[in-house]
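Visitor: The residues making up each chain are set out below.
Number of protein chains: 2
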Amino acid sequence: MAKQTLPPHQSWLPEANAPTADFPLTHLPYGAFATEGQQHLCVAIGSHLLDLHACAEADLLPSELKFACQSSTLNALLALGPIAWTQLRHTLTTLLEASAPNREKAEAALHSIAGATLLKPIDIPNYTDFYASIHHATRVGQLFRPDNPLLPNYKHIPIGYHGRASSIVVSGTPIQRPTGQTRPSTPDGTPDFQPTRSLDYELELALYIGQPNPLGTPIPISHAAHHIFGVSLLNDWSARDLQSWESQPLGPFLAKNFATTISPWITPLAALEPFRVPATPRPPDDPKPLPYLYSTADQAHGGLDVKLEVLLATHITRTNKLPPIVLSQSSTQDLYWTPAQLIAHHTSNGCNLAVGDILATGTISGSAEASAGCLLELTRNGAQPITLATGEVRTFLADGDEIILRGSCELPGHPRICLGECRATILPARS
Amino acid sequence: MAKQTLPPHQSWLPEANAPTADFPLTHLPYGAFATEGQQHLCVAIGSHLLDLHACAEADLLPSELKFACQSSTLNALLALGPIAWTQLRHTLTTLLEASAPNREKAEAALHSIAGATLLKPIDIPNYTDFYASIHHATRVGQLFRPDNPLLPNYKHIPIGYHGRASSIVVSGTPIQRPTGQTRPSTPDGTPDFQPTRSLDYELELALYIGQPNPLGTPIPISHAAHHIFGVSLLNDWSARDLQSWESQPLGPFLAKNFATTISPWITPLAALEPFRVPATPRPPDDPKPLPYLYSTADQAHGGLDVKLEVLLATHITRTNKLPPIVLSQSSTQDLYWTPAQLIAHHTSNGCNLAVGDILATGTISGSAEASAGCLLELTRNGAQPITLATGEVRTFLADGDEIILRGSCELPGHPRICLGECRATILPARS
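Residue numbers (my numbering), protein chains in the order written: chain B, 133 to 563; chain A, 133 to 563.
No lab work stands behind these hints: they were computed from the structure. Heads up, some of the hints might be wrong.
Unchecked claim - The calculated EDC-like cross-link candidates involving lysine to aspartate or glutamate, where the alpha carbons are at most 16 Å apart (straight line), are: (1) B:Lys453 to B:Asp324; (2) B:Lys420 to A:Glu542; (3) B:Lys287 to A:Glu542; (4) B:Lys287 to B:Asp417; (5) A:Lys287 to B:Asp417; (6) A:Lys287 to B:Glu189; (7) B:Lys237 to B:Asp279; (8) A:Lys420 to B:Glu147; (9) A:Lys439 to A:Glu534.
Stated by the list, open to error - Computed footprint of chain B on chain A; a stretch qualifies when at least three of its residues, placed anywhere within it, have a C-beta under 8 Å from a C-beta of chain B: (10) 280-286; (11) 371-379; (12) 418-431; (13) 443-456; (14) 484-496; (15) 549-555.
We put the CB at the ideal spot given by N, CA and C, even for glycine.
Chain B extracted, bound-state conformation (with noise of 0.2 Å):
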């Protein structure tokens, strides 16, 4: 018996219900456009954006919803907690699906992603990044420590650090090599003040923080969850000569600090809950971790599955039109701690998270040495040059490269989604 696959809902708009849709009925991320000299929310459906502001003035929402809808950021929706999220993503999905009664008035509201600008959707007020692939946390200790790779820590607590909220910008920002001390060459010498010779990427996943917690209050596992709002990807630029150089003791810095990449759409929780699945088992010889960072309820789907690849565009690439190039596919399913251990976790000490909050989940890689989600592990520090198929050579990144991000779920009878593209060039230092 051939098996029924059409997905449940349907929109009136033919490309988002195309198999090979990125943002189909079933999606609907949340970004926001340039229009007009101003700065509108919006969700993407198939290759369109719907005006959320052009949506509330043409009174297709639920009073209670508009003026959040007619901010410029995702801030004042989120603050309106998961009731109102759910509200709006029932409205979104009634007003854009096949018998929708609103149908003219919603096309009004329509404009084409390839021609709009995208622009950053929230205000985050912090970045929190986390070391959650035991591979890419191994694999950069085989490199620094190789007797000593995995640190006494690493099972028991989901390692984090704050980054830089001040330098995250939208997918398609350019970012600029910087400048930085770097180790001298002899122990005596003088350390040079260069630009960067070994500028890198990291392939994360961001949670961002819907619902906040008053400090002194830590989030139990058990309703962690609900405390995230949804989901892109990030990329956490890296200078590994910087970073080397600076971080002992206090951690990476400068290194980091100059930009962080987000992709413009935030996928909602919501639409990933089919891709939901057990946490990654640990091997049977790992601790279970301690009971704040265990519920049997986040044992049992508190995991992600979203397929992860980098890829690599150069100045031949794009020359030639040729398509950019593979560097590695990952998975969320490689990530040694659930999301919600990580804000369990977070504010176990009574941290208070606020909402539009970052948590990353660190650079995501496979066991697999070609799964590495940076090229710091990829060529072993810059030791194992690696040829592209274009012929170029690569230890970390040259000028002009640009580095994409793609995330996707894939699950029978669901309808494929994937995460906003993360890209952004690479251009020269300041000179």
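Given chain B's structure and the hints, the job is docking chain A onto it.
Guide: Chain A in isolation, oriented as in the chain B frame:
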């Protein structure tokens, strides 16, 4: 011949002219207080505060500054830039000096500080913590790396990391003892998850950024001081047992981000002009700062001379009405890097600073052991408990302990100024 030591400006408020006044007319630090359910900005004068919102309503302020002075935080005023800061300071000085024509109107806007609830006067978008006292870095290094206390990068690069902005609270807010993971007692053991047993304070100075820089545009050291609006004291609470377990390889995280306390008054840099001093001389064998960290003007008067003190009030001192016990005394001249060097370094890779950002110095410890600005140093990580004048013994802080940070500037011929006290009491861990 008797030296004329009368200050150049006398206020019509006699208490402000007393040599013991913390807040003479030459100081005028900015704060905020609660009044009729609102938060108003104010400046301190003598033992009073002057309500800036009320001054604006009474037409005592230039019209172009009214809006910013009626805001609930200082951010709008800071965003107006240095000319506006100077204009407001001049206006307020004129309003409060002995010959003021509008004395009666200003008097109506005065409130006793003792009777007021002081609030956090500024939104702090980003918080960076440096490690700028070489004495602190050396003694902490001796505890954990006796053979190699000061790392090779220290004398070349102002070491810093990103702290947590969301958990910064104003002086007077109680601090709850945080709970967290601590190192297992055996290498194969399970970590404990318990209230910290080594809760510590850190004596620091906070620099408040008044002028932002765009992403990608470094602030040259020659302009760096102009980006500082003012300073306050800062206590970077630290849970040493959590820190020791979590900090490798990415630096402190939950050991610090449960709370940071700032004093309620922000002293404008203009008030500190008489107390600018040459950069602290370095031993002749130390490397000269790299060019981006060096300017002759900064070397000539880029330092600050603020005397600092940490005091402890305990259950016994309070019960017996004894004064708090002095734990240590140090000075901002104990710093290896100037404020301008911290700013020039932070932005050297193009990182953007925002209005209201804090750059903190890190623990300010002097060369003498008794001048150490935290208990980690004073008790050698708890190995050498200290006995207080009350007979009480401390390795780290006990519940009920109150830490008080003080700072003052003195110079013959100038009224002494005292930074606002930064105090907080430790509450037991959440049960």
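Visitor: All the hints need checking, so say for each whether the structure fits it.
Guide: Hint by hint, here is what the structure shows:
{"no.": "1", "hint": "B:Lys453 to B:Asp324", "result": "38 Å, violated"}
{"no.": "2", "hint": "B:Lys420 to A:Glu542", "result": "58 Å, violated"}
{"no.": "3", "hint": "B:Lys287 to A:Glu542", "result": "53 Å, violated"}
{"no.": "4", "hint": "B:Lys287 to B:Asp417", "result": "11 Å, holds"}
{"no.": "5", "hint": "A:Lys287 to B:Asp417", "result": "44 Å, violated"}
{"no.": "6", "hint": "A:Lys287 to B:Glu189", "result": "59 Å, violated"}
{"no.": "7", "hint": "B:Lys237 to B:Asp279", "result": "65 Å, violated"}
{"no.": "8", "hint": "A:Lys420 to B:Glu147", "result": "64 Å, violated"}
{"no.": "9", "hint": "A:Lys439 to A:Glu534", "result": "20 Å, violated"}
{"no.": "10", "hint": "280-286", "result": "holds (count 3)"}
{"no.": "11", "hint": "371-379", "result": "holds (count 5)"}
{"no.": "12", "hint": "418-431", "result": "holds (count 4)"}
{"no.": "13", "hint": "443-456", "result": "violated (count 0)"}
{"no.": "14", "hint": "484-496", "result": "holds (count 4)"}
{"no.": "15", "hint": "549-555", "result": "violated (count 0)"}
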